[in-house]
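S.K.: Listed here are the chains, written in short residue letters.
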Amino acid sequence: MTPTSVWHRLDQTARALVPGLILILATLLSLLPLGIPGWGQVTPPFLLMAIFWWSIHRPQSIPPSVAFGIGLLQDLASGAPIGQSALLLVITQWIISGQRRFLAAQPFLLVWGSFALVTAVAAVLEWVCYALLTVRIPPIESGLIRAGLGVALFPIVVRLVLLPAQRFANDGVVS
Amino acid sequence: MALGKRDGRGAAIGTVQQWRATAQRLSSLLLAMTAIALMVMGKLDATLAERVRARAGDVIAPVLAFVSEPISSANDWLEEGTHLFALVRENARLREENMRLRQWQDSALKLEAENASLRSLLAYKPDPAVQTRTARVVGDQAGQYVRSVLVMAGTKDGIAKGQAAMTGAGLVGRATDVGFWSSRILLLTDLNSNIPVIIEESRERAIVSGDNSDFPRLIFVAQDARIVPGQRVVTSGHDGIFPVGLPVGIVRSVNGNDIRIAPLADLSRLELLQLIDTSMSSLTPETAPALPPVAPAPGTVPRKARGRS
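Protein chains in written order, with this note's numbering: chain A, 1 to 175; chain B, 1001 to 1309.
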């Protein structure tokens, strides 16, 4: 085996790991105490953004089991009902990877719109899950603020993180 | 002939792809059902869910503590930087506050002496002493409908389920899922938080009940109770776990039955928490700081008081 092939292999592995690393980064980002007052209550759904993006552009990197696992991790770390985020992420991955060919060919505005739709549905679904599990009606405002912030930040996160990461993962051209 | 061969292979690849898509769809369905089953199980067996979360916290908390280290130092630098700019104004404010606090201290010392003499007259048996432990917050509130934080302290440090968590200013919540070196603190604003309290002035009993908003409700208030904004609310100790008299909040608004409390602790920005242990095992005279656990910073104690002690 020549050194080049070893490097090539390492390179390939690194690129293949990028989507997973981004998912872990997104999870950490929503858990860490950043010291911004009130941040914890409105943390945008970074994980949902990452799952949404990779389901369109690199579905082979996040099979349903990965979506499930990272959702479970998020639930365990955030104190949410165990299985709630896992369910949301698996459903998101399922629906989006079914539409990926269509979405990949659309202009960004439409992708953004789809993300807004997914986020809104996820917020409502999360609210329903919580209401069913606690047999109470929690106020939905904070969920909607969170979703709104997520939709507003989506283009920035895509431009600064997801798109460069996707290019790096796919062909090594870092823009 | 060659064409036929290629066609065959194409068809085979097509079948494989189709098969793979079906398998993936099936696994999605299975995983979604597993997630639902987990949620239902967590609801049915709350103790098991609590144990699982506590164990998971033990794994996650050190990771978060490690990753958050540079963030908290960066925040400290930032804070120091901003403080440098506002030093003169801050100094004037602190001098003014110091003067006010000295007056308070004088009256506190007087009251303490008076209290001691009255207690000796009555042969009063004081409340069991408490032990406090300080824990760093490593996990912020992340769940959409859960108001809780993860701290780096667990059974190893003597933390037990139900213990009160405070900042210097007031009550924050109580420990729920306690692992070996990590615990989850359910904030008093959470939907599942209910804390028995009394109104400090009138000694009326009530419950501070969270509803996920910033200002929890005061419920189970007696019909004839006179509650007005500005009154202080402290723990009553009726649950048998919390000590009596921990400051909780100030009555913020009264609209008929809808009475709201503004927590004294700043829940939007938690860094260090004090966990209060009232268990009998910790009752040794050496470990008995007075409540509330406020230690004066060095240099802020007036000379007069230093001389006295």
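None of these hints come from the bench; they were simulated from the model. What you are looking at is a predicted structure, and each value in this text was computed from that prediction instead of being measured. Note that beta-carbon positions come from the ideal geometry of N, C-alpha and C, so glycine has one too. A hint or two may mislead.
Stated by the list, open to error - Residues on chain A that point at chain B, a partial pick, calculated with CB under 8 Å:
| # | residue |
| --- | --- |
| 1 | W7 |
| 2 | Q60 |
| 3 | S78 |
| 4 | L87 |
| 5 | V90 |
| 6 | W94 |
| 7 | I96 |
| 8 | G143 |
| 9 | R146 |
| 10 | G148 |
| 11 | V157 |
| 12 | L160 |
| 13 | F168 |
Stated by the list, open to error - Computed footprint of chain A on chain B, listed as stretches where at least three residues anywhere in the stretch have a Cβ under 8 Å from a Cβ of chain A:
| # | stretch |
| --- | --- |
| 14 | 1031 to 1037 |
| 15 | 1081 to 1095 |
| 16 | 1130 to 1139 |
| 17 | 1146 to 1155 |
| 18 | 1205 to 1211 |
To be verified - Residues of chain A clear of chain B, computed beta-carbon distances all greater than 12 Å:
| # | residue |
| --- | --- |
| 19 | A16 |
| 20 | I24 |
| 21 | L32 |
| 22 | W112 |
| 23 | R136 |
| 24 | N170 |
S.K.: Next step is simple, just say for each hint if it's right about the structure.
M.R.: The hints, checked one at a time:
no.	hint	in the structure
1	W7	29 Å, violated
2	Q60	10 Å, violated
3	S78	4 Å, holds
4	L87	4 Å, holds
5	V90	5 Å, holds
6	W94	4 Å, holds
7	I96	11 Å, violated
8	G143	5 Å, holds
9	R146	6 Å, holds
10	G148	13 Å, violated
11	V157	17 Å, violated
12	L160	19 Å, violated
13	F168	22 Å, violated
14	1031 to 1037	holds (count 6)
15	1081 to 1095	violated (count 0)
16	1130 to 1139	holds (count 3)
17	1146 to 1155	holds (count 5)
18	1205 to 1211	violated (count 1)
19	A16	18 Å, holds
20	I24	10 Å, violated
21	L32	5 Å, violated
22	W112	22 Å, holds
23	R136	6 Å, violated
24	N170	20 Å, holds
In this structure, the hints that do not hold are numbers 1, 2, 7, 10, 11, 12, 13, 15, 18, 20, 21 and 23, in rising order.
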